[in-house]
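Chain by chain, the residues run as shown.
Number of protein chains: 2
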Amino acid sequence: MKINFTPGPSQLYFTVESHMRQAFRDGVPSLSHRSKEFETIFQETTSGLKALLGIPDEFHIFFTGSATEIWERSLQNLVADQSLHFVNGAFSKRYYEIATQLGKSPYKIEVAEGKGFDQNVEIKSDVELIALTHNETSTGVSLPLAFINQFKSKFPDSLIVVDAVSSLPYPQFDYTKIDSVFFSVQKGFGLPAGLGVWVVNDRCITKAEHLLSKGISIGTYHNLPTLLANGIKNQTPETPNALAIYLLGKVVQDLLRRGIQIIRKETEYKAAILYQALSNHPLMKPFVEEPALRSQTVIVAETGDQTERIIKHLQKQQFYPGDGYGSKKKNQLRFANFPTHSKETFERLVDLFEEFA
Amino acid sequence: MKINFTPGPSQLYFTVESHMRQAFRDGVPSLSHRSKEFETIFQETTSGLKALLGIPDEFHIFFTGSATEIWERSLQNLVADQSLHFVNGAFSKRYYEIATQLGKSPYKIEVAEGKGFDQNVEIKSDVELIALTHNETSTGVSLPLAFINQFKSKFPDSLIVVDAVSSLPYPQFDYTKIDSVFFSVQKGFGLPAGLGVWVVNDRCITKAEHLLSKGISIGTYHNLPTLLANGIKNQTPETPNALAIYLLGKVVQDLLRRGIQIIRKETEYKAAILYQALSNHPLMKPFVEEPALRSQTVIVAETGDQTERIIKHLQKQQFYPGDGYGSKKKNQLRFANFPTHSKETFERLVDLFEEFA
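Quick mapping for you: the protein sequence lines, in order, are chains A and B.
In this text, residue positions in the first sequence follow the working numbering: the first is 810, and each later residue adds one.
In this text, residue positions in the second sequence follow the working numbering: the first is 810, and each later residue adds one.
Where hints are given, some of them may not hold.
For chains that are exact copies, the list does not tell them apart, and a pair is met inside one copy or across any two.
Straight-line distance between alpha carbons at most 16 Å, and here's what the computed EDC-like set of lysine to aspartate or glutamate pairs gives [claimed, not checked]:
hint, residue 1, residue 2
1, Lys-1152, Glu-1075
2, Lys-845, Asp-1132
3, Lys-924, Glu-1098
4, Lys-811, Asp-835
5, Lys-1121, Glu-826
6, Lys-1121, Glu-1164
7, Lys-1139, Glu-937
8, Lys-845, Glu-1018
9, Lys-811, Glu-1153
Just so you know, the hints here were simulated from the structure itself, not pulled from any lab data.
Extracted from the complex, chain A is given alone in its bound form (with noise of 0.2 Å):
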């Protein structure tokens, strides 16, 4: 069987297509969207998604179309004039760009793609939103957690926004230096694409308010106000792919009976038998040189004038690695290490890297 390590969208959680059938049974896709039945379907995903990732109750957690939406909303909602934005590739930059397209006024702190940033940046005070990228999905650079960390208390009337799209669920945040993290359900939980999960606490809340207040355009149905107002209820503002919830509440499910701690052990296992490999390996290297930044969800691996013949080597075997990001697609190769991908798999994956020659 083809097993797919492109970061996003990813080789589906074993137990979608199994779930998916359920949900038909149940006739879910025809739920209303104000029906008691849906009101279930939203709590239980969302305590979930709580349990699963630690995420203090006193948080809200609110659902879009797409991660790309809540960079839009985020900025929308959480910022009149000012946010800054740590970029360090295609991702990062274009969370920065939607700020501009926004009419903000946002501002960067700018690194080669594969870099990370000096842990005692200096920063201006008066930013009203700081955008961090844990996991640059184009370069595989992560952010330690120390360095998104760090914010909070230096900055303490900036929110912290974290975009963890491709990363949870494998970090555990320390929710007490952050205001807002979002996610879409595509890459590490192993579903179909179609749905952003956004998660944020009352300061994100009142902030909204606040620019509301002052007559700046904060969206409609989907501004802050109008989801928790719609989200206390267990409900959303419009009729939301009701399906995608489901099935997310469902995997989270599935997640939370491994356990997240076993999760997290596992992928640290995956990635660091797979960077090992590319280190070791006479014609490939990982991109990151760093090894403090090297994601553990999504490896990138510099493979050169190699990049055709591994892929070929590893589509004999049905894996199929993910296109470098870009100006890199011929000379690089990501692997996604999502909970759906087993330690067998990578070690095979290994094995195969360490064949080649």
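Based on the hints, put chain B in the right spot on chain A.
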């Protein structure tokens, strides 16, 4: 088997479950949205829709998370200042309110629920957009096509935008008389919710570009120029609900095989027998008095103090009507009449009304 008459999310089209199984067999849920396979799906769905609905080739078809999103995006992209809304129920009113929330200066022509508008209504000539809700889902009033078609020649500088959320694929619009139409898939197309479909012509694109050039915010990833830049490649700006785009394409093929003219005639037959049964019934009547305004796709019954009893009577036979909308919950019922509802189903429904005394 339970038959669902709620006007959205509706009873699934009867082929959806088997298309979903095929989608999993073909790997659709984890397809990259930058792959050739996805582009083929996008292309098949959009060209199928054009064939089914008689949409001229020069129109563009884009996908969003919901029709609610298109309310927002259409006003954001097509109106600098003033839109005009014909309001005769909760949904046409919501479209108007979204314009207010976006900081535009909309104006409305409002009539009571259950009513239509004078064919020779007088309106201001300088509105940028005329918003017409073809089928007011809350009350079962449908605007006659002649009413919609009059505006283009009278107001050639305005964009004519039609909300056809709960009527398509039934109406054959005259696309020379309108600039944009939109719908969501969980109503007439009988699909799981989570996808909005937005049809626009080049005048809409030009208008959005004009607003952008004047520094007016038209949003980011889902503004019309960005949707177009991706759409001409059969792609989407964000990772989309690819599964929903695939399923829509498959159901469109099913409807094309049945023949749109047959579907239209069946829709009219089913509506006619239900309206007749309601008109002849001693205990209830159609809510919309004027026959020319009665929706063919959402039939609203004034059931008064019989509401609870008739619900029980119908549910005993596994027929689940939709509640009346909002304040009408206790004394009206709504019946979706979509392509998934067979003639035999409606004949049985009529029998159940006739038995009820």
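Here is what the structure says about each hint:
Proximity of Lys-1152 to Glu-1075 under the C-alpha cut-off of 16 Å is restricted to the intra-copy arrangement: shortest distance 7 Å within a copy versus 56 Å between copies. Taking CA atoms no more than 16 Å apart as the test, Lys-845 paired with Asp-1132 passes between copies only; the shortest distance there is 14 Å, against 44 Å inside one copy. For a Cα distance limit of 16 Å, the shortest separation of Lys-924 from Glu-1098 inside one copy, 8 Å, qualifies, whereas the shortest one across copies, 69 Å, does not. Taking the shortest alpha-carbon separations for Lys-811 and Asp-835, only the inter-copy value of 11 Å comes in at or below 16 Å, while the best intra-copy value is 30 Å.
Proximity of Lys-1121 and Glu-826 under a CA criterion of 16 Å is satisfied in neither setting, with 29 Å inside one chain copy and 35 Å between copies. In the homo-oligomer, the alpha carbons of Lys-1121 and Glu-1164 lie at most 16 Å apart inside one protomer (13 Å), although the nearest pairing across protomers, at 69 Å, exceeds that limit. For the homomeric pair Lys-1139 and Glu-937, neither the shortest alpha-carbon distance inside one copy (39 Å) nor that between copies (48 Å) is at most 16 Å. In this assembly of identical chains, Lys-845 and Glu-1018 lie within 16 Å of each other by CA distance neither inside one copy nor across copies; the values are 29 Å within and 44 Å between.
Proximity of Lys-811 to Glu-1153 under the C-alpha cut-off of 16 Å is restricted to the intra-copy arrangement: shortest distance 14 Å within a copy versus 45 Å between copies.
In terms of the numbered hints stated before, the structure departs from hints 5, 7 and 8, listed from lowest to highest.
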